[in-house]
Amino acid sequence: MNGFQTQTGARAAYNGRKLSEYLLTAPSFLWLTLFFAIPSVLVFAIAFRTADPSGGIDAGWTLASVESVLKNAYLGVLWRTVWVSCAVTAICLALGIPVGYWIALQNPKYRYWLLLVVIIPLWTNFLIRIFAWRVLLHPDGFLRQSLVALGIVPDDVFFLNNIGAVIVVTVYTCLPFAILPIYAAAEKFDFSLLEAARDLGASRFCAFRRIFLPGIRRGIFTATLVVLIPALGSYAIPDLVGGVDGEMLGNKIAAKASAYRNLPEAAALAAFLSIIITLPVLLFLLKQKRIIRSVVAARRSAGDSTK
Amino acid sequence: MAIKKILRLFSAALAASVCALIFGCGPSKPELNVYMWSDYIDMDLVREFERQNSCKVVIDIFDSNEFMYSKLKAGGTGYDVILPTSYMAKVMFDQNMLEKLDLSKIPNSKYVNQKVLSDLAIDKKMEYSVPYMLGYTCVAYNKGKIGEIPATWDVFSNEKYAGKMTMLNDHRETIGAALFFTGKSMNDSSDQALAKAKEVLLKWKKNLAKFDNELYKVGIQSGEFLIVQGYSGDIFQVLAESPNLAYMCPKEGISMSCDDWVIPVTANNKDLAHKFINFLCDPKNAAKNMEFTCYSAPIPEARKYVSEENKNHPGMFIPDDLYKRGELIRDLGADNSKFNALWDAVKGN
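Keeping their order, the protein sequence lines are chains X and E.
Residues 1 to 307 (the numbering used here) are what the first sequence spells out, left to right.
Residues 308 to 656 (the numbering used here) are what the second sequence spells out, left to right.
Treat the hints as calculated values from the structure; they're not laboratory data.
Accuracy of the hints is not assured; some may be wrong.
[As the list claims (entries may be wrong)] Okay, derived cross-link-like pairs now, BS3-like style, lysine-lysine, Cα gap no bigger than 30 Å in a straight line:
#, chain 1, residue 1, chain 2, residue 2
1, E, Lys611, E, Lys422
2, E, Lys577, E, Lys417
3, E, Lys645, E, Lys397
4, E, Lys380, E, Lys452
5, E, Lys452, E, Lys558
6, E, Lys380, X, Lys71
7, E, Lys397, E, Lys431
8, E, Lys512, E, Lys467
9, E, Lys431, E, Lys558
10, E, Lys618, E, Lys524
11, E, Lys467, E, Lys417
12, X, Lys71, E, Lys505
13, E, Lys336, E, Lys380
14, E, Lys363, E, Lys397
15, X, Lys71, E, Lys512
16, E, Lys513, X, Lys71
17, E, Lys513, E, Lys491
18, E, Lys431, E, Lys645
19, E, Lys503, X, Lys71
20, X, Lys71, E, Lys467
21, E, Lys645, X, Lys71
Using the sequences plus the hints, can you model the full thing?
Here is the structure:
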């Protein structure tokens, strides 16, 4: 009798907890459904509709748009989008890790000032900062003129309107987003571990590579995602500082939706892009799950009863 | 405590906005919602129209015909009068999106140039549209740095200016220029013509810094670019500010475009919309508008009211020889996709 009562009591408590959990997650769940899931499904659906030549969506269903997107014509743009984004991510990590490491080592009194310096450029509008780069890299600008005068740069090399400019400006806009998560991870890192590694005979670089980098891998992973994903979808930067060969997938999607009046092809390209973005993330998450599971299994088999 | 304070503030704000709603508007004036291109109308005229008709004019801006069209197609309503380019007005009319105009409510339509209507216009009888401004595409260059250049589209093949030239990021205009250069019409969608145009474009592309519709205006002024293809109104506005720049109109042919006022079937205030179109066709108002935009209103009578220095302005009064070389962009229906594929191929290489 008594046992039954406690059981129902526990169940009621459990149900109550479950209900409150549902209620707590409901707003974000609704938000994601309304503004992420439904639009994504619509994009994927429109990709299979027929286009009417005046620019609308017709009633029929077709594979033509998807086929045309998968045809060779877009492989060039796709390849450029991927390699530019990967290059940008690599450069951002190469710059962001040392900066994050350095800031985390500073006296806490100054750390926040240093972080402020990283963030301050974000107070200025994104487009205005890109236009500032156009001034900086201008062919008659101070930078190029002085480099040409010093003989470092030949006269027929321009800094603007090429893929190099796209990479430089994208790295510039993404760098704060790489530094912040790396710093956040590095701040929690126990730097005495590095000293321990040195005591055990590791070289400075070896300690950095084998102790520090794995120690902040979550920060590095977050930084990779927050740089790579926006870079893959970038549109304004290639448009403003890119040249005749600077187009990326984002620009193609915009052209299809407006100038070409072909919404299904725009949708097919957009769907394609989101698949490209989702795949690596999904693979990573699966791999991580497997690692966690194998760790748990290893512990169990070693007789570790603490959960 | 804090929550109480916030609540009090919030209720005060709510009360204030309710009061504003009740007392702010008073008897509401009729509203005319205009949907058009930016910097394309003299705001003094708009204010005068508001005074004359005791109404309020709200202007909303689009930057491409296609964007405007897709917004309307997606259910955008509330616009009383819209200013698409002729080819798009035709598309909209064919889709039953436009009201038939009542010309008896637009008496000033008699001033519209019959020659322009018969030569260029798609809607020759002003059944659903009234032409507003004519413009063309030409080439601006930095005369101070490179001297006089010949009037031909072939300048873009000159390697001397490599990396310092731009063409429009508009497939119809840029492919059109290549078609003109090969001696074809810019609306020619035959496979041979397009194949030849592609060859020409690929040659030009090697020398271009960019395909661009906006930055070229600042770029040509600042010396970043030496030669740019652009729209006449934009180019004349830039030329007025920089005396070292000049322009030329390629001898092979130029594209002309005409923007037309139309009234969508969903308009709330059709009478006022007719009045607005009529107001802008008035020769005095057209003259004022031309001097503001540097584009050409097809109202010959307006020339009387334009100031002396602008009476022969090449943007406001298109010279006869140019007018003869000009061609209007037409909608190609299903053949649009050929132009799209060609443009993809040119840009992707």
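Going through the hints against the structure:
In summary, the hint linking E:Lys611 to E:Lys422 is supported, as the alpha carbons are separated by about 18 Å, within the 30 Å threshold. Of the pairs offered as hints, the one joining E:Lys577 and E:Lys417 holds, with about 20 Å between alpha carbons and a cut-off of 30 Å not exceeded. About 20 Å separates the Cα atoms of E:Lys645 and E:Lys397, which keeps this hinted pair within 30 Å; it holds. With a C-alpha separation of about 47 Å, the suggested pair E:Lys380 and E:Lys452 falls outside the 30 Å cut-off, and the hint is violated.
Restraint check for E:Lys452 and E:Lys558: satisfied, since their Cα atoms lie roughly 23 Å apart, inside the 30 Å limit. Note on E:Lys380 and X:Lys71: the hinted pairing holds, with a Cα-Cα distance of about 29 Å set against a maximum of 30 Å. Of the pairs offered as hints, the one joining E:Lys397 and E:Lys431 holds, with about 11 Å between alpha carbons and a cut-off of 30 Å not exceeded. This hinted pair checks out: E:Lys512 and E:Lys467 have alpha carbons roughly 14 Å apart, not beyond 30 Å.
Taking the CA atoms of E:Lys431 and E:Lys558, the gap is about 27 Å. The hint holds against a cut of 30 Å. Distance hint between E:Lys618 and E:Lys524 is fulfilled; the C-alpha atoms sit about 25 Å from each other, no more than 30 Å. With a C-alpha separation of about 50 Å, the suggested pairing of E:Lys467 with E:Lys417 is violated against the 30 Å cut-off. About 19 Å separates the Cα atoms of X:Lys71 and E:Lys505, which keeps this hinted pair within 30 Å; it holds.
This hinted pair checks out: E:Lys336 and E:Lys380 have alpha carbons roughly 28 Å apart, not beyond 30 Å. The suggested pairing of E:Lys363 with E:Lys397 holds, with an alpha-carbon distance near 29 Å, which does not exceed 30 Å. As the CA atoms of X:Lys71 and E:Lys512 are separated by approximately 23 Å, the hinted pair is consistent with the 30 Å bound. Distance hint between E:Lys513 and X:Lys71 is fulfilled; the C-alpha atoms sit about 25 Å from each other, no more than 30 Å.
Annotation: proposed proximity of E:Lys513 to E:Lys491 holds, straight-line Cα distance about 22 Å (limit 30 Å). Of the supplied pair hints, the one linking E:Lys431 and E:Lys645 holds, its CA atoms being roughly 28 Å apart against a limit of 30 Å. Our distance criterion of 30 Å between C-alpha atoms is met by E:Lys503 and X:Lys71, whose separation comes to about 23 Å. Note on X:Lys71 and E:Lys467: the hinted pairing is violated, with a Cα-Cα distance of about 36 Å set against a maximum of 30 Å.
For a cut-off of 30 Å, the pair hint linking E:Lys645 to X:Lys71 stands: about 16 Å separates their Cα positions.
Going down the numbered hints, you'll see the structure goes against 4, 11 and 20, while the others check out.
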